[in-house]
Amino acid sequence: MVTITGRGHNNTTPKNSNWRVVDIVVAAVIAVSSGVIFWAWNSAHHVLDFLFIAFPPSSALMAGMWLFPAVLGALIIRKPGAAIFCELVAATVSSLLGSEFGMTVFASGLIQGLGAELVFAGFRYRRWNLPVALLAGTVAGLFGGINDAFIFRWFPEYTMGMQIAYVGFMTVSGLVIAGLLSYFATRALAKTGALSALASRKAAVEPKFR
Amino acid sequence: MDTRSTLKLEAGSPETHAFGKPVSVTAKNWGWRHADRSAPALQGLDLEIPAGQRVLLAGASGAGKSTLLYALAGVLHEDDEAYSSGELCLDGRPVAEANGMVGLMQQDPETQVVQARVGDDVAFGAENLSVPPLEIQRRIIEALDAVGLDVALDHPTGALSGGQKQRLALAGILAMGPGLVLLDEPTANLDPAGVLEVRDAVINALDSTGATLVIVEHRLEAWAQHMDRVIVLEPGGGVAHDGSPQSLFAPGPVRDELINAGVWVPGYSPLVGMAAIDPAKGPALMLAKDLAVARTKNGRIAAKNLDLTVTGGGAWCVRGANGAGKSTFALTLGGLLPEVSGRVAATGELVDGDETRPYTWRAAELVGRIGSVFQEPEHQFVAATVREELAFGPRHAMKPGTKEQFFEPEAIEERVNELLHRLRLEHLAEANPFTLSGGEKRRLSVATILASSPSVLILDEPTFGQDANTWRELALLLREELAHGTAIIAVTHDQDFAKALGAEEFFMSAEPQGTAAADARVGLLEADARGGSSFLGRANPLAKMLAVGLATIPLVASMDWVSSGLVVLVTVLVLPLAGLSLGRFFTRAWPLVVAALLAAWGTALVGNDSGAVLLNLGLFTITEGSVAAGAATGLRAFAVAVPAVLILFTTDPTDLANALAQKAKLPHRFVLGALAGMRLLGLLIEEWTTLGMARRARGVGSRGSLVQRVQANLGQVFGLLVQAIRRASRLAVTMEAKGFGTSGRTWVRDSVFTARDLWIVLFGLTLATGAVLGAVFAGTWNLVWG
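Just so you know, the protein sequences line up as chains E and X, in that order. When the letters of the first sequence are read in order and numbered with our numbering, they come out as residues 1 to 210. When the letters of the second sequence are read in order and numbered with our numbering, they come out as residues 211 to 996.
Derived from the structure by calculation, the hints contain no laboratory data. Keep in mind that a hint or two might mislead.
As the list claims (entries may be wrong) - Listed next, with one range per pair, are the computed distances between beta-carbon atoms: (1) Pro463/X / Ala204/E: 40 to 48 Å; (2) Asn515/X / Phe55/E: 52 to 60 Å; (3) Thr899/X / Gly168/E: 34 to 42 Å; (4) Ser953/X / Val176/E: 40 to 48 Å; (5) Pro131/E / Asp246/X: 20 to 28 Å; (6) Asp246/X / Phe184/E: 18 to 26 Å; (7) Ala204/E / Ala693/X: 41 to 49 Å; (8) Thr964/X / Val176/E: 44 to 52 Å; (9) Pro207/E / Asp289/X: 18 to 26 Å; (10) Leu983/X / Val176/E: 44 to 52 Å; (11) Phe184/E / Arg966/X: 48 to 56 Å; (12) Phe184/E / Glu565/X: 33 to 41 Å; (13) Thr899/X / Arg127/E: 35 to 43 Å.
Glycine included, each C-beta is placed from N, C-alpha and C at the ideal position.
Please model the complete structure; the sequences and the hints are all you need to start from.
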């Protein structure tokens, strides 16, 4: 029996932490698609602007949009570093499309990605179910919110209450948009057969809670 | 042009030849089982292909032809669930050890290209094989010459046609010097001219290298005469037939067997047995009058002076060269794009209500009247099962101007069952549409549009890449529709198909600026031509990023108008170094101004109130103090964002990736993987727009309640992700087949640091220091963490 493996494929490293070429490219393209979605989103979400103008911290409710590449990428690729890699590439794409955050977008991407990454690492990259996805989205939102409100301090004029409200809104947004939507998107993608080359190809038939 | 990014060409040493020696293939009782399948794709395969032979692999779809190619290319991986049996060797050695002996080309031109510039793309595979840079530079010229691609080395790959992209991919393979060339339906996505262009390039290249060739193709006409041997694979088994093209394709049982399997055997046309029809001319349904069309609102006019009267039961085939605007015309007729000038109007029975302009109809009003079938079936899938997919259109169809359903529920049920039966999809009724085979997807996509009984049916290249059986079924189905009085308009290069429908030709001549369509996509990610050759354009991207990063530090640290103002001022002053005028700067930077104003408003609203009250909004008040704070916030946001424009405008992502991998020593697999993914950005943006139109043609509206709109948007996002991941998987195969993923590689384009880069970093440092000192001395320094 002959072994057919790709060039550079190393059988001695543990299966789960070994990034193959297809993992790298799919992760990058998920991040790039997120960039396209941000771009489409930017021209579509003005229906909700009135809300944010009345109470500015509520704008964080939509911030989960910027976090979903981390959770979606990790759920699909299932390799250490996927959350950070996807979020960083997505940040790069949004900076190429003209970001309002300048160079700081890389630092933000890193911190948000780290939030999700820590959760997946905490489960030793072995659990990809709904609760873990929700937790990853939540922590990404929490990290993102703390980053905006207390590290970069984009809103120094907010009262402490408003800063905390901002972090709270972003955490909820991370839970719903980055966590919940990414989880069900992964399952739906697995049903189409598009994930057949990836570790998540069976995501659609895995139990949600175990 | 930019001197730094132009590859230096030096004469190579004549004694080394770029091309490897021909390789033989041996399979002994070989088999492969894919991870998510129960039955093996191939088993018990015994095969011997001598070095230098040209072999055509044929067989029904699902016979494992592509699996064999991928295994030979070394891109199939064993894991817990996917495994091989038996032996598969190249020149007597297992495939796994065959680094650089094999080149693979797939059918989708967009994912055969890895890099943004022609020269870089040809070099990619050879770089991965660690060929010395000087040798690669020689091979680039030789390979481009061999495939007859006469374009500049820094020509953007995004601007090439499909046929040119495939020839470029072939050049990249040749530059690796493989002894075995594998082609997986290399011309399935090309028009007839493109097919011959690529075929000639392949044959030419092989004549000069003598490499072994294994090709999988459905359309054999163009290739058969150039082949030494044809191998027909048995589904799930080994070799069914093996012989010369002359013997296998001669009239007889083998030929008949191949025809039954849907193979396009040379000289066979599925037209046989179809009587010529002369479509009846019923009442007029639609007309285009003095119409001009364009892809985007303010985009280039793709075609103009178009006049057509569409009558019930009539068929038209839209023909013309690439870039003549055929698809744009079809989309405009279908009510999916607005007319630029002139008009598209429904007449006669197609008008119901006051509105005659299809573009203004709601999606639900469109589906029962005009149906558009897109080239890529997956673009139009909106449901989770085949049955729901068929029911979707009729269920959403509404009578014009009302909220009344077009169809009764019982009628829908009946129609769906009839179509399932008619198209032999009954056994797949509960399957996910995305998991069907190519031919089944095509049949389904046509059926979903027919399900809501439109009077006018518009199809874009419906026969591209289809086997002869699907072709025949499609032709018969559409002939039935014509007999029922449906009008059919097909954009197609397929003359037999036009003949099968008795279609009248509608010829479109290309506008003089015909190549501009392809240009539109270029430049989204490449540095602006003027920016790229400016002072900053020739600097190392890392130096620029470091400088801007340094200048950002005081802005993050302090909320004051002095440091922010200073950074904005200096950025504006150095614009000429980036080749930017103030006007061009603002065309790029205006969204940042808007963002800054929003930030300022937020602060003015909630900031600590002091001074006179300017505006009282109940919960919040705006005062002189809060306005001042708001201005500082807005200016800070603006100052953080604008210096990045200098980088954006002057930095080519390829150069950035090279710098990150070579100078910053980030792992090159991740950097180059990310770069390759980013090259798809423009393509995916285009795909997003196409998806929007394809889904409107299915009755998915952009109008309706908030919930409906959110659902429609999420569906479109999902459609984009499916397409993106499919493309990424193909791109990964391309990259891996080009030797990508090994630990070492050479770089044909060196990333260098010069004195200029040192000055740029020092300048950034000086600006940062100046901003801090300026604010401290002015007494405005205001640490945000205080």
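I want to verify a distance hint. Is the separation of the beta carbons of Asn515/X and Phe55/E within 52 to 60 Å?
For Asn515/X and Phe55/E the Cβ distance comes to about 55 Å; the hint holds.
Could you tell me whether the CB distance from Pro131/E to Asp246/X stays inside 20 to 28 Å?
holds, 26 Å
Beta-carbon spacing of Thr899/X to Gly168/E - inside the hinted bounds 34 to 42 Å or not:
Since the Cβ atoms of Thr899/X and Gly168/E sit about 37 Å apart, the hinted range of 34 to 42 Å holds.
Arg127/E and Thr899/X - C-beta distance against the hinted 35 to 43 Å
Between Thr899/X and Arg127/E, where Cβ atoms are some 38 Å apart, the hint holds.
Quick check: does the Cβ-Cβ distance between Thr964/X and Val176/E fall within 44 to 52 Å?
holds, 49 Å
Can you let me know if the beta-carbon spacing of Asp246/X and Phe184/E is within 18 to 26 Å?
holds, 20 Å
Given the hint of 44 to 52 Å, check if Leu983/X and Val176/E actually sit that far apart at their C-beta atoms.
holds, 46 Å
Has the hinted range 40 to 48 Å been met by the Cβ atoms of Ser953/X and Val176/E?
Once the Cβ atoms are compared, 41 Å apart, the range 40 to 48 Å for Val176/E and Ser953/X holds.
Distance restraint evaluation - Phe184/E, Arg966/X, Cβ atoms, bounds 48 to 56 Å:
holds, 51 Å
Could you say whether the range 40 to 48 Å given as a hint is met by the Cβ separation of Pro463/X and Ala204/E?
holds, 44 Å
Is the distance from the Cβ of Pro207/E to the Cβ of Asp289/X consistent with 18 to 26 Å?
Since the Cβ atoms of Pro207/E and Asp289/X sit about 22 Å apart, the hinted range of 18 to 26 Å holds.
Regarding Ala204/E and Ala693/X, is the given constraint of 41 to 49 Å on their beta-carbon distance met?
Holds: the Cβ-Cβ distance is about 42 Å, inside 41 to 49 Å.
The structure meets every hint from the earlier list without exception.
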